[in-house]
Amino acid sequence: MRLLFREAFLAFRRAPLLSTLSITTIAFSLFAVGLFGLVAINMRQALRGLETRVEIVAFILNGTPLETITLAADDISSFPEVFSVGYVNEDSALAQAQAELEEFRDAYRDLEVNPLPASLEIRLKEGSRDAESVSAVAERLESFGFIDDVRFGREWIERLDRLRNVAGLVGLVIGLAFAVVAVIIIGTTIRMTVLQRAREIAIMRLVGATNGFIRGPFLLEGAIKGLLGGLLSILLIYAGYRLFGRNTPMLSGLVFFETPQLLVGILFGVALGLGGSLVSVGRHLRNV
Amino acid sequence: MIRFNHVSKAFAKGESALLDVSFRVAKGEFVFLTGHSGAGKTTVLKLIYGEQSPTSGDVHVLGFSLPNITAREIPRLRRRLGIVFQDFRLLEDRTAEENVAFALEVTRARPESIPSRTSRVMTQVGLASKMHAFPNELSGGEQQRVAIARALVLDPPILLADEPTGNLDERATRGVFQLLRDINAGGTAVVMATHDLNLVRQTTNRTIELRRGEVVYDSAEETAPREGLA
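Residue numbers (our numbering), protein chains in the order written: chain H, 411 to 698; chain W, 3 to 232.
Just so you know, the hints here were simulated from the structure itself, not pulled from any lab data. This structure is a prediction, so every number in the text was calculated from the model and none was measured. It is possible that part of the hints are untrue.
Unchecked claim - Here are some chain W residues pointing at chain H (derived, C-beta under 7 Å): (1) 80; (2) 85; (3) 89; (4) 91; (5) 107; (6) 109.
Note that CB positions come from ideal geometry on N, CA and C, so glycine has one too.
Just chain H, with the same shape it has in the complex (with noise of 0.2 Å):
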């Protein structure tokens, strides 16, 4: 274990330049990776601000009791999708009217009978604002008899939904291009690590040691470069949000990743350099 240890860092003081150059190789590839994530949360972080809009509105017949309204409620808000339900009444449909369509206030001020009807305000639950969810609700709303009509805004939930859809594809295309590109660059630069060493492995082999002893201290290595390049990749990562949401007022309400996100950004380094390393190691142990 020792051995094992001393080897592999013995390797980054024999080859400081090699060892630098993988280590930023990895820090730029994830950083390039960490980037477009970072966009992809954000862009998500701005979906869910636009779903949180939507919301389905029962009105209700005129006339109909207090009381089977708020049986009613109790019953819709016991809906798996349902994260709240708020009851207008008459009155308040009014004054919101008035106070939010400026346009009519004097019209709605001349009124003798208030034409507006009482109404339940559904909110949805995260992840059942699609808008096959949100129908589904719709049209368990209008079984009540005291629902006189149902309202959602489909047209703009299904764009909402396609919006999503669109956004989740190509930030999955992206991504996986740049991990792709990113592990094609970190195989090539502990390829040539290995190459650099082609004359230590072989007289390893030569006085019997066996291919997995041989292996070892490049996977350490490997493991190494990849938890600094990690590091170092969110670090730059984490100086273009500072400078970016700093300088840019359109961009300061950017979100930046939480801690599960970046201890998974590091693993992944971690496991590019150990499979880039035993990729490279286990293509040179078979062809020498």
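Given the structure of chain H, go ahead and fit chain W onto it with the hints provided.
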């Protein structure tokens, strides 16, 4: 210890490196493998240490049998062989002592035994005073002695030497050759590939001469006149 039984070796292009080669090397024997470049000397050595596999026939070395040897068994075979090359194959960034210790470390010798074993073989090859020198600080002959020390440190019953004096001047050649003879006198079998007939003529050791992959002379059998050696 070593037995070649009707061994042939052909390469992918169909070129034949060895053709129906048979011989035995007994415990403690010193054998020269001679022949021109391309005669098949190095191929014989590579077959002994499992770097190549015979196309037909079989090779038995210290109880291991080729071509039936498994990939897992090859390191075990090599730990029982010492191998020396013309180009020394030392690690330039390690001292002489570290180069020798490396063979023990990678074969997982007990760490506490490494300094004494390393020191013993360095003394045996006459380099006790140069333990901490790097290869580029040593002469060719000294570098070859370090390589021999590395080969000896695992106490192998067989030492294979592929043109060990090929890069050395006459004086260093004599020194290295005498060292190999001393090692052989200690009971280690030595198989030395060389095209230096002056060296071969100096001794009465067994000589196997190869020509275009065939054994044309084996002094143990006296199958043909000793061409070029007379």
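Cross-check of the supplied hints:
With 7 Å as the threshold, the beta carbon of residue 80 (chain W) comes within range of chain H, its nearest partner Cβ sitting at about 4 Å, so the hint holds. Proximity of residue 85 (chain W) to chain H holds as hinted, the smallest CB-CB distance being about 5 Å (cut-off 7 Å). Given hint, residue 89 (chain W) at the interface with chain H, is violated; its Cβ is 10 Å from that chain's nearest Cβ, farther than 7 Å. For residue 91 (chain W), the suggested interface contact is upheld, since its CB lies about 6 Å from the closest CB of chain H, less than 7 Å.
Below 7 Å, beta-carbon pairs count as interface contacts, and residue 107 (chain W) has one with chain H at about 5 Å; its hint therefore holds. For residue 109 (chain W), the interface hint holds, since its Cβ comes within 7 Å of a Cβ in chain H; the closest pair sits about 5 Å apart.
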